[in-house]
Amino acid sequence: MNARRSNPSVEDWAEKVVAGDWRAAARLITLIEGGDATADPILQKLFAAGRDTPVIGITGPAGAGKSTIVDQLLAHWRASDLTVAVLAVDPSSPITGGAVLGDRMRMGRHNTDPGVFIRSMSARGQLGGLSSAAGDALIVLDAMGFDRIVVETVGTGQNEIDILHYAQATIVVQTPAGGDAVQALKAGLLEIADVFAVNKADLAGADRVVSQLREAVEDRYVLDHDDWRAAIVKVQASANIGITELDGALSAFFDYLAAHPAVQEKRRKARIRAALTNRVAEMLKKPNLVGRTSAFDLAIDSVLNRRADPRSAAANFIAAVR
Amino acid sequence: MMSSQPIRCLLAMLGTDVHSKGIRTLARLLRDYGVEVIYLGEHNTAEGVINAVIAEDADIVGLSYSTSTYLHYTRELMEKMQAAGVSDVPVMLGGLIHAEDEPELAAMGVKGVFGPGAPIDAVLDFLESATGKALSRSGALDN
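So the sequence lines, in the order shown, correspond to chains A and B. Be aware that the first sequence starts at 2, since it is given in this note's numbering, and climbs by one per residue. Be aware that the second sequence starts at 210, since it is given in this note's numbering, and climbs by one per residue.
One should not assume that every hint holds.
Stated by the list, open to error - In silico DSBU-like links for lysine-lysine, alpha-carbon gap of 30 Å or less:
| id | chain 1 | residue 1 | chain 2 | residue 2 |
| --- | --- | --- | --- | --- |
| 1 | A | K17 | B | K289 |
| 2 | B | K320 | B | K230 |
| 3 | B | K342 | A | K17 |
| 4 | A | K46 | A | K235 |
| 5 | B | K320 | B | K342 |
| 6 | A | K17 | A | K46 |
Bear in mind the hints are in silico, worked out from the structure with no lab data behind them.
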């Protein structure tokens, strides 16, 4: 432990974060990533004092242009003096836990801007835990008092999708190179998209992607017309084309929520439900949960040895921990 | 005792140097030893690197140079890190560094210099001793 790692008290630490102290916030996120319980009482304070900063999730396949879109949105918002925090989540190697976190490079021109805080986070090859860590990091960023928060994640795994439960609005990035829109349906991305950004719209096939997405959005809207109809925006992020329209679609969505409090309430509850479900599952599986590990391991063994079917093993486990 | 948390290593190039093959190779190698590499790429300023060191809570900074401007840029970074209160974060250099400049770099506070032909083990040992965190050597891929 070097001197830099000496920590302030819970009260001081929370106060510093609320005052927008980058170092206090960054160190706290490190504790969160490491599963250090020192963070818990500080998070409680920060959550209680939450500022309801709009959190915008952005997801899509690797190489679709998520970071470049975020970079352009940052420039767009900074031009209006809006401050922004970005949580950029990248995959890690399942073998070594190592990662090359490169999203920040795409936003390099904002590195010297005190109105833009960027933090990279890796999956760390953990058994779950990523979405909770990201959710807790978002509590820290919310408390810091930015005008916007962006959470960026590759839309490949359930872990990554789970992170989006912490976002009020989700942008799903697609490209003409990304297969047909049936892929989007398969991945369940339609359900989480509030705005589709069809990036690299100068490439052949962009209009086809747009029309396929529109058809899917309309089909869904027919079934559930008491909710927002996802917007579709064509973007060429590297040329800064379509960014104003993308931000406009986000604003329209937030305006819709404000005008439809019942929808907003329903969405908030659904998000909290999903996030808590994740947390409960993670907590139950956590090996350091005193006295509970053995129960879960026993349940695993009982299925492994065919002493219990999975449903009974789960029921036995719940009975044991109740 | 070493921490079980992964080493967060920020890799960057300063100024107009564009020969990034070396730093990209190092990024991949470190990833395979369980390091979380925060890759800033080329064309960074001292201020940008320092902001990233703070926001990312980096354990160590690695700079790569292929041009003779390294004394100038490293001195600027070390001075500004001092002023920003992050001079306790160790800095290492790689690339085309002349041996006769190493004492001057050390005097600036640079903790490690790894030129052409430096064995990866030397870099790995340095990372562990400088950060007090362990690498995941057993899981590393052979390459």
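To see whether the hints hold, each was checked on the structure:
With a C-alpha separation of about 23 Å, the suggested pair K17 of chain A and K289 of chain B falls inside the 30 Å cut-off, and the hint holds. This hinted pair checks out: K320 of chain B and K230 of chain B have alpha carbons roughly 23 Å apart, not beyond 30 Å. Of the supplied pair hints, the one linking K342 of chain B and K17 of chain A holds, its CA atoms being roughly 27 Å apart against a limit of 30 Å. Note on K46 of chain A and K235 of chain A: the hinted pairing is violated, with a Cα-Cα distance of about 41 Å set against a maximum of 30 Å.
Distance check on the hinted pair: K320 of chain B and K342 of chain B sit about 16 Å apart at the alpha-carbon level, within 30 Å; holds. Restraint check: the Cα-Cα separation between K17 of chain A and K46 of chain A comes to about 12 Å, which is no more than 30 Å; the hinted pair holds.
Hint check: a violation occurs at hint 4 only; the rest are consistent with the structure.
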